[in-house]
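Visitor: Given next are the chains, with one letter for each unit.
Protein chains: 2
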Amino acid sequence: MKNRKVSIGLDYGTESARALIVDVLTGEEIATATANFPTGVMDKTLPDGTELEPETALQNPNDYLEVMEETLTTAMVKGNIVAEQVIGLAIDFTASTVLPTTDDGTPLCTLPEFKSEPYAWVKLWKDHTAQPEAEEMNILADKRNESFLKRYGGRLSSEWMFPKALRMLRKAPKVYATMDKYIEAGDWLVWQLTGNIRRSSCQAGYKGMWSKSSGYPTKEFLGELEDEFSSFVEDKLDSNVYPLGNAAGGLTSKWAEKLGLLPNTPVAVSIIDAHAAVLGTTVYDAGKMVLALGTSTCHLVMNKENVEIEGVAGIVEDGIVPGFAAYESGQSAVGDIFLWFIRNYISSEYIEKAKEKNLDIFQYLELLASKIPVGSNGVLALDWWNGNRSTLMDADLSGMLIGLTLNTKPEEIYRALIEATAFGTLTIIENHVNQGVAIDELYATGGLAEKNELLMQIYADVTGREIKVAESSQAAALGAAIIGTVAAGESNHGYNSFEDAVKAMAKLKDIKYVPNEINRELYQKIYAEYKNLYQEFGTGMMKTMKNLKNIRNEINEKK
Amino acid sequence: MKNRKVSIGLDYGTESARALIVDVLTGEEIATATANFPTGVMDKTLPDGTELEPETALQNPNDYLEVMEETLTTAMVKGNIVAEQVIGLAIDFTASTVLPTTDDGTPLCTLPEFKSEPYAWVKLWKDHTAQPEAEEMNILADKRNESFLKRYGGRLSSEWMFPKALRMLRKAPKVYATMDKYIEAGDWLVWQLTGNIRRSSCQAGYKGMWSKSSGYPTKEFLGELEDEFSSFVEDKLDSNVYPLGNAAGGLTSKWAEKLGLLPNTPVAVSIIDAHAAVLGTTVYDAGKMVLALGTSTCHLVMNKENVEIEGVAGIVEDGIVPGFAAYESGQSAVGDIFLWFIRNYISSEYIEKAKEKNLDIFQYLELLASKIPVGSNGVLALDWWNGNRSTLMDADLSGMLIGLTLNTKPEEIYRALIEATAFGTLTIIENHVNQGVAIDELYATGGLAEKNELLMQIYADVTGREIKVAESSQAAALGAAIIGTVAAGESNHGYNSFEDAVKAMAKLKDIKYVPNEINRELYQKIYAEYKNLYQEFGTGMMKTMKNLKNIRNEINEKK
Numbered sequence: 000m001k002n003r004k005v006s007i008g009l010d011y012g013t014e015s016a017r018a019l020i021v022d023v024l025t026g027e028e029i030a031t032a033t034a035n036f037p038t039g040v041m042d043k044t045l046p047d048g049t050e051l052e053p054e055t056a057l058q059n060p061n062d063y064l065e066v067m068e069e070t071l072t073t074a075m076v077k078g079n080i081v082a083e084q085v086i087g088l089a090i091d092f093t094a095s096t097v098l099p100t101t102d103d104g105t106p107l108c109t110l111p112e113f114k115s116e117p118y119a120w121v122k123l124w125k126d127h128t129a130q131p132e133a134e135e136m137n138i139l140a141d142k143r144n145e146s147f148l149k150r151y152g153g154r155l156s157s158e159w160m161f162p163k164a165l166r167m168l169r170k171a172p173k174v175y176a177t178m179d180k181y182i183e184a185g186d187w188l189v190w191q192l193t194g195n196i197r198r199s200s201c202q203a204g205y206k207g208m209w210s211k212s213s214g215y216p217t218k219e220f221l222g223e224l225e226d227e228f229s230s231f232v233e234d235k236l237d238s239n240v241y242p243l244g245n246a247a248g249g250l251t252s253k254w255a256e257k258l259g260l261l262p263n264t265p266v267a268v269s270i271i272d273a274h275a276a277v278l279g280t281t282v283y284d285a286g287k288m289v290l291a292l293g294t295s296t297c298h299l300v301m302n303k304e305n306v307e308i309e310g311v312a313g314i315v316e317d318g319i320v321p322g323f324a325a326y327e328s329g330q331s332a333v334g335d336i337f338l339w340f341i342r343n344y345i346s347s348e349y350i351e352k353a354k355e356k357n358l359d360i361f362q363y364l365e366l367l368a369s370k371i372p373v374g375s376n377g378v379l380a381l382d383w384w385n386g387n388r389s390t391l392m393d394a395d396l397s398g399m400l401i402g403l404t405l406n407t408k409p410e411e412i413y414r415a416l417i418e419a420t421a422f423g424t425l426t427i428i429e430n431h432v433n434q435g436v437a438i439d440e441l442y443a444t445g446g447l448a449e450k451n452e453l454l455m456q457i458y459a460d461v462t463g464r465e466i467k468v469a470e471s472s473q474a475a476a477l478g479a480a481i482i483g484t485v486a487a488g489e490s491n492h493g494y495n496s497f498e499d500a501v502k503a504m505a506k507l508k509d510i511k512y513v514p515n516e517i518n519r520e521l522y523q524k525i526y527a528e529y530k531n532l533y534q535e536f537g538t539g540m541m542k543t544m545k546n547l548k549n550i551r552n553e554i555n556e557k558k
Numbered sequence: 000m001k002n003r004k005v006s007i008g009l010d011y012g013t014e015s016a017r018a019l020i021v022d023v024l025t026g027e028e029i030a031t032a033t034a035n036f037p038t039g040v041m042d043k044t045l046p047d048g049t050e051l052e053p054e055t056a057l058q059n060p061n062d063y064l065e066v067m068e069e070t071l072t073t074a075m076v077k078g079n080i081v082a083e084q085v086i087g088l089a090i091d092f093t094a095s096t097v098l099p100t101t102d103d104g105t106p107l108c109t110l111p112e113f114k115s116e117p118y119a120w121v122k123l124w125k126d127h128t129a130q131p132e133a134e135e136m137n138i139l140a141d142k143r144n145e146s147f148l149k150r151y152g153g154r155l156s157s158e159w160m161f162p163k164a165l166r167m168l169r170k171a172p173k174v175y176a177t178m179d180k181y182i183e184a185g186d187w188l189v190w191q192l193t194g195n196i197r198r199s200s201c202q203a204g205y206k207g208m209w210s211k212s213s214g215y216p217t218k219e220f221l222g223e224l225e226d227e228f229s230s231f232v233e234d235k236l237d238s239n240v241y242p243l244g245n246a247a248g249g250l251t252s253k254w255a256e257k258l259g260l261l262p263n264t265p266v267a268v269s270i271i272d273a274h275a276a277v278l279g280t281t282v283y284d285a286g287k288m289v290l291a292l293g294t295s296t297c298h299l300v301m302n303k304e305n306v307e308i309e310g311v312a313g314i315v316e317d318g319i320v321p322g323f324a325a326y327e328s329g330q331s332a333v334g335d336i337f338l339w340f341i342r343n344y345i346s347s348e349y350i351e352k353a354k355e356k357n358l359d360i361f362q363y364l365e366l367l368a369s370k371i372p373v374g375s376n377g378v379l380a381l382d383w384w385n386g387n388r389s390t391l392m393d394a395d396l397s398g399m400l401i402g403l404t405l406n407t408k409p410e411e412i413y414r415a416l417i418e419a420t421a422f423g424t425l426t427i428i429e430n431h432v433n434q435g436v437a438i439d440e441l442y443a444t445g446g447l448a449e450k451n452e453l454l455m456q457i458y459a460d461v462t463g464r465e466i467k468v469a470e471s472s473q474a475a476a477l478g479a480a481i482i483g484t485v486a487a488g489e490s491n492h493g494y495n496s497f498e499d500a501v502k503a504m505a506k507l508k509d510i511k512y513v514p515n516e517i518n519r520e521l522y523q524k525i526y527a528e529y530k531n532l533y534q535e536f537g538t539g540m541m542k543t544m545k546n547l548k549n550i551r552n553e554i555n556e557k558k
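Residue numbers (numbering that gives the first Met the number 0), protein chains in the order written: chain A, 0 to 558; chain B, 0 to 558.
The following block holds chain A by itself, in its conformation from the complex (with noise of 0.2 Å):
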């Protein structure tokens, strides 16, 4: 076997990152390795105790290189790989995850001056310190009619890095004055293996208002919100933007030597990891939708047109696959209420009825709800326990439960949990057809799909459409390792297009999800309730979750 060749994915999580081998030709997943981020999430204090604003997370850029020469290394050894067999590698990062650095990429907490400035570490995507800065950004766009908006679904999120450069000027500006370079970790890490600053255009695209047609935002709009930010882009960001599949370059002698393999290995340009698992779900073309399914989900779905569509979080063209644009929605807590309620609300006679049947309490309480005819819990919820990104975008609003009685049972309202997700799935499958972008088939990865059967039946029945399954646990690591593939080329044993890679490479799961007739008939009836109170609490009359929060805002400034 010594003659394969193998591409290696590189997969940045939020706790963790995983090295992923994997047979150019066969997709045959030969080899992985995960390790832990040393430092982990800051978000309580830094390394030497320096306290933390609340809303903040920070991480160590010197734990994504340490995780990645051990995962990379290990899982060589574990697949019995030798450097000549890897012939591109790719790194997938969460985003906006942003540093400062120097002119040599240096990270500005490594600088003993800098070590106990919070802003100088990296801002993790779900820091939300810079809420007001979104806010403020979001008002100001709004009058001056900013024409990224509208690819934005009409609204900034305080995860992005504009937002969190504006706050670093005005809240560390030494760090700001001090920075010549501010990027996406994905992108830094590439930058580090391979000398070239090579900006993705997936990162900047869907976090950094970028558009291939018209850039980044103009000086004039950053100038407005604070002087010296108008020249935030030239002064701080490279205005080069690359594609996805492209090499950013070859692997530098030092980086070759510390990681194994050999110098002028092609490193691609960084993805996003939900975008670089679309890739591993078997998806390269437009009208199907991919649905990450996670303690939140994101949804991905091409289209070769570039439409612009209301109530997504991003278009991007280009985004995923070069020639299409790709669109992006999310529903901000799916997993994480399902989380909320089984270690919140679970009485101690479920824990113990689980255990005499062997089974843990996620699988006891699916048991249960699976048993429960659609429609016979009589309970429905609003899936927006962290509020609704899609298609609302709207972080004020709140979960809903309706139907209880004195005879409704866990199981009852789990089930309803679940329903709830999927009709906030369906809500936003219908805002992009009803909109001119089509949704042909689903397609599912993620934890979620993976270990929920119930769930996944759901979503069949209630979306009445069939869902396929990604056959790999580790989609977005087989997703880069795809872009290696692309970004090597077919003259290095590589493939020149994204459609040849994905076909040859990613797989389904043999299992599929069809809808059951007779239930996707009951939960078009439900449905029409869960339409009827999203477009009156969501956008109508009943403002009482805003309100709710308005009070307890006022009540939380008192204290």
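Keep in mind that the hints are not guaranteed to be accurate.
Since copy identity is lost for identical chains, a pair holds within one copy or between any two.
[Stated by the list, open to error] Computed cross-link-like contacts, DSSO-like style, restricted to lysine-lysine with a CA-CA straight-line distance of at most 30 Å: (1) K530 / K542; (2) K524 / K545; (3) K557 / K511; (4) K125 / K408; (5) K408 / K43; (6) K530 / K287; (7) K557 / K253.
Worth flagging that the hints you see were computed from the coordinates, not collected in a lab.
Fit chain B to the supplied structure of chain A, relying on the hints for placement.
Guide: For chain B alone, kept in the frame of chain A given last:
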């Protein structure tokens, strides 16, 4: 102390009965004894194994006699009371708890030929088998524009006597044909003790569609339901109905001997349990609403004028104290909602923490919930877990929780549930006041009033009214004892008026709950949100609850 005079209250609940011996001059509760009904509530099978239809709840009338003898004689011994000291006794009972008997008062279920016939046993108030008959009577009464409907908020309940009788006629015609009397259990006990049939104006008025001015429903109305039913009133009821405070007669020698009392001891006309509690809570005139806070809540208030208002469960002239119209409203689940939550949705982690603090889980949740500033939980509920009795009389409504987030804690939901029941009570109060029935003061009695200080303070803050609490923890039994003294009259060491009796015998606790002005203002804002949901989901455009129930009913019918 052998020359002090006492009165005996016999309080019949759903599971047990209590005898309470009270000093006539001071109201001192000298001795009490309780006992469970030996047969209990039959909701699955009769004693001989006969299966019962769903929603059935039956009792054995012999239990009532057995338990009376046991508790009364035990209390006499405990209190060291002799027969000569007892000036009177009175019975309070749940209603409509009703049974068929022969002409001499023998319950039909005690006859061998009827022992396997469910309709021959006592139908407990909470037997809901007559729901179809109640619906039918509602439709007909509405069509015929029957004036009695106005006294009952526009709707009759399946818990009442006439729907139960109509169903018996249809389902058990032999029982119906054989019975000479259909009688409330409280009135039946009085009949047993005195040999006289003296139907109570309280039971007849609230549960028998009777009124002082127009009597029972007409032959024409009843005949339209079923030909044979037209003569129900003259055949099976007795036309005489007696106001409260009257003596129904004196103890027969047989019962005097059984109970260890003197023959001819005055026995009062019976009363419904919640109504007796009004007297035991010191209230004997207009403008003072009594909240009997338990698994459900009963709201009773008197008014000098008999104003017909909407949205109440019943209005009865002389319904408690002669000379006043008594208004009954209700919340069909209060403590039951808290029980539902605490029994099913509390994790073992909380149970452990409660144990560490040496608290039961109710106390522990109360402790946690009491630390939550008003409005900061951000959660709001509609307290309709068992439908809405007042002001909407709609059993098809259901419970709702809104404002849920991934950070919502069990104690925040618990507090929201308490708050929702307080908002429900405020809605009932405003319903009276807005239609001209004054409510100047609030009084509370029942388990929750005694045990849950947090709930009481929330009720004071939400209603913006001071709440006084009955000193007695058995206010119904005390109220019955008070009625016993009025039945005896001043010439027999008792009293000639409810006012005199109550003033002498009923007391309040020293503690009263005074509204906190800051919380009251905050609750006004949250109540505005509650009212909006109440209107939209109760009588407005949001039909979600009914639609979900319809879907559920369709499913269940198909099974």
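Visitor: Decide, hint by hint, whether the structure agrees.
Guide: Hint check results:
no.	hint	verdict
1	K530 / K542	both (16 Å within a copy, 13 Å between copies)
2	K524 / K545	both (27 Å within a copy, 13 Å between copies)
3	K557 / K511	between (53 Å within a copy, 29 Å between copies)
4	K125 / K408	between (34 Å within a copy, 22 Å between copies)
5	K408 / K43	between (38 Å within a copy, 21 Å between copies)
6	K530 / K287	within (24 Å within a copy, 45 Å between copies)
7	K557 / K253	neither (56 Å within a copy, 71 Å between copies)
The structure fails hint 7 only (numbered hints given earlier).
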